Amino acid sequence: MSVSPIEAAGPAPFGPDLPYELHPAVEVRPEPFGALLYSFKTRRLSFLKDPDLVTVVRTLADHPTASAACRAAGIIDPIRLTMFERALATLASTETIRERPS
Amino acid sequence: MTTAVLPLVDHFALGLQSPICLTWELTYACNLACAHCLSSSGRRDPRELTTAECKAVIDELERMQVFYVNIGGGEPTVRPDFWELVDYATAHKVGVKFSTNGIKIDQAAAERLAASDYVDVQISLDGATAEVNDYVRGRGSFDTAIRAMENLAAAGFVGFKISVVCTRQNIDQLDAFKAIADRYRAQLRLTRLRPSGRGADVWDELHPTAAQQRALYDWLVRNGENVLTGDSFFHLAAYGEALPGLNLCGAGRVVCLIDPVGDVYACPFAIHESFLAGNVRSPGGFAGVWRDSELFAELRKPQSGGACASCSAFDSCRGGCMAAKFFTGLPLDGPDPECVKGFGEIALSKVEPGRSPKPSEDHSHTGKLRNGPVMLTLRTRPKRDCDENPLAGMTPAREPVGAGR
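Going line by line, the protein sequences match chains G and U.
Okay, so the first sequence: first residue is 185 according to the numbering used here, each after it adds one.
Okay, so the second sequence: first residue is 2 according to the numbering used here, each after it adds one.
In case anyone wonders, no lab produced these hints; they're calculated from the structure.
Please note: incorrect hints may appear among the correct ones.
What the hints assert, rightly or not - Computed list of lysine-lysine pairs in DSSO-like fashion (alpha-carbon distance at most 30 Å, straight line):
| # | chain 1 | residue 1 | chain 2 | residue 2 |
| --- | --- | --- | --- | --- |
| 1 | U | K94 | U | K105 |
| 2 | U | K302 | G | K225 |
| 3 | G | K225 | U | K105 |
| 4 | U | K105 | U | K179 |
| 5 | G | K225 | U | K342 |
| 6 | G | K233 | U | K302 |
| 7 | U | K342 | U | K302 |
| 8 | U | K94 | G | K225 |
| 9 | U | K94 | U | K162 |
| 10 | U | K179 | G | K225 |
| 11 | U | K98 | U | K56 |
| 12 | U | K351 | U | K302 |
| 13 | G | K225 | U | K162 |
| 14 | U | K359 | U | K342 |
| 15 | U | K359 | U | K302 |
| 16 | U | K98 | G | K233 |
| 17 | G | K233 | U | K351 |
| 18 | U | K56 | U | K105 |
| 19 | U | K359 | U | K98 |
Given the structure is predicted, the values throughout are model-derived calculations rather than measurements.
If we strip away everything but chain G, and leave its shape as in the complex, we get:
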C-alpha cells in the first residue's frame, strides 16, 4: 500500500450540518451487537455497538446532512443526538465515513 502526501494529510473536521456518506472502501457486516466495519483503505476495524448508529451510518447518503440522518433514525433526544454526532466525528476522523460532495 503506498500513501501519497495528500492522503496522509487526513480528512477535514466533522460538521453535523454537512452531507456525509459511508466511505466507499468500507464494508459493513451486521452482528448481534450492531455491526462490524472494515476499511480496505486504512485496514482499520471498527465496531458499532448501537443498532441505531448502524442505521444512521448506512443511510447517511440519503439525507442532506448528518444531523438529518440522525433525526430520521429517531435520534431526537438532545443528549443522545450529541453522543451520535460525537461518534460520527470519530468515524469521520478515521475515514470510515466521509463528506459527500453536495
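Following the hints, put chain U in place on chain G, whose structure we already have.
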C-alpha cells in the same frame, strides 16, 4: 461505539456470525525448517486443497463478509497458484495479509504488492541480527528476509509488517527490531511463542523468562499502538494496565484456522484433534463449521475460571492461552504456563515429563535441510559419557551387510 450497555468483549466471547480474523494456511510445504514452527511444516500434504477448492472457500468468505484472511503456511508463496488465489480473493472483496519468510519477494513481486491496497505482507524475522535469527530459522534466512524488505521498501510499499516471535534470545533486541522496521518504513508486529507444533520441542529453551516477560510488557506499554501484537499477549494484562487489543482468547469465537487440507481448528496454535471443528470439504462448507460445530458452540458458552477463578488477576488475563496450556500438559481451566503470578510454573512442576499432548499433524522435513537451524543438532548431541561406541577403534574390513543406502 459509545452507547452500548454490554462491553464489546462480552459479545465477542459469545461468538460472531463470521470470524473477524481468519488464518488460512495454504500449504504445509516450506523451504525452511524453523525450530519453533507452530504448524510443524516442511512437506506438502498430498490432500492439500486444490485451486478450485480454495476459490470455493474464498466465495464463501465473501458471502460471510470475512473482510480479510491471514494467509500463512508453511511458506504460502511456494504454492504455484499463490498469486492466482491472492488475486481471486481481492477481486471478491476478501483482503489478504500473508506471512512469508521472503523467499519469493523479489523486485517484481514487491512492485506488484505495492500497487495493491488489498494485500498486506508480513515478513517473519525472529532475530534483529543474523546470529539470533538464523539460530531458530536456519542459515541464510535473515538475509532472505532483509532482501525482501529492501525490495518492498524500494517498490514504495509503506507499512508492511515485520513479524517477530518473542523468544528468550531476542527479547533484548526489541529496540533493534523497531529500528529495522523504521528503516524500511514497516510496522513491527510482536507475537507470543507458543508450545505448538515443533514449538513444543524447543519451548523450554526459547520461551522468555519471567523477568523478560515483564520487560516485554513494559516495552509494549511504552510503544503502545505503534506496535502490533495480534492480541497475543493478553496473559500479560495481569501485570496491570491492559495492552491495546481485545484482550481475550478468540479461539472459535472471533478467530479460527483453516489448514492446508481444509481442516478447521479453533485457532492457529491448536492443530490437534481436540480443537478440530470440521472440514471445509463437508457439505455445509466453512460456514457450516463456523456456525454449527459442537466444539465452537462449547467454546462460545460462558467459561468458568476453574482454578484461576479466585485469582485477583482473572478478570484481566482470563486464564491466558488455551493452546499454551494444552501443549504444555496443563488443564485448560487452570493457569497459563507463563502466568505472571507464577502459578503456571507451580502447575508445570506437577506435569509428568513427556505426558503433554503432541500435535495431530506433523509435516516436518524427514531429512535434515542443508539450511536447517543448527540448534537442533546441538540439542540432540549425545552426552559425553555415553557417546563412546563400544567398538571404537575397530575398523571393519568392509561395510557390514545392510549398511548401504
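Taking the hints in turn, this is what the structure says about them:
no. : hint            : in the structure
1   : U:K94 x U:K105  : holds, 24 Å
2   : U:K302 x G:K225 : violated, 35 Å
3   : G:K225 x U:K105 : holds, 25 Å
4   : U:K105 x U:K179 : holds, 24 Å
5   : G:K225 x U:K342 : violated, 41 Å
6   : G:K233 x U:K302 : holds, 21 Å
7   : U:K342 x U:K302 : holds, 26 Å
8   : U:K94 x G:K225  : holds, 12 Å
9   : U:K94 x U:K162  : holds, 21 Å
10  : U:K179 x G:K225 : holds, 24 Å
11  : U:K98 x U:K56   : holds, 17 Å
12  : U:K351 x U:K302 : holds, 29 Å
13  : G:K225 x U:K162 : holds, 16 Å
14  : U:K359 x U:K342 : holds, 27 Å
15  : U:K359 x U:K302 : holds, 26 Å
16  : U:K98 x G:K233  : holds, 26 Å
17  : G:K233 x U:K351 : violated, 44 Å
18  : U:K56 x U:K105  : holds, 22 Å
19  : U:K359 x U:K98  : holds, 29 Å
Violated hints, in rising order: 2, 5 and 17; the structure is consistent with all others.
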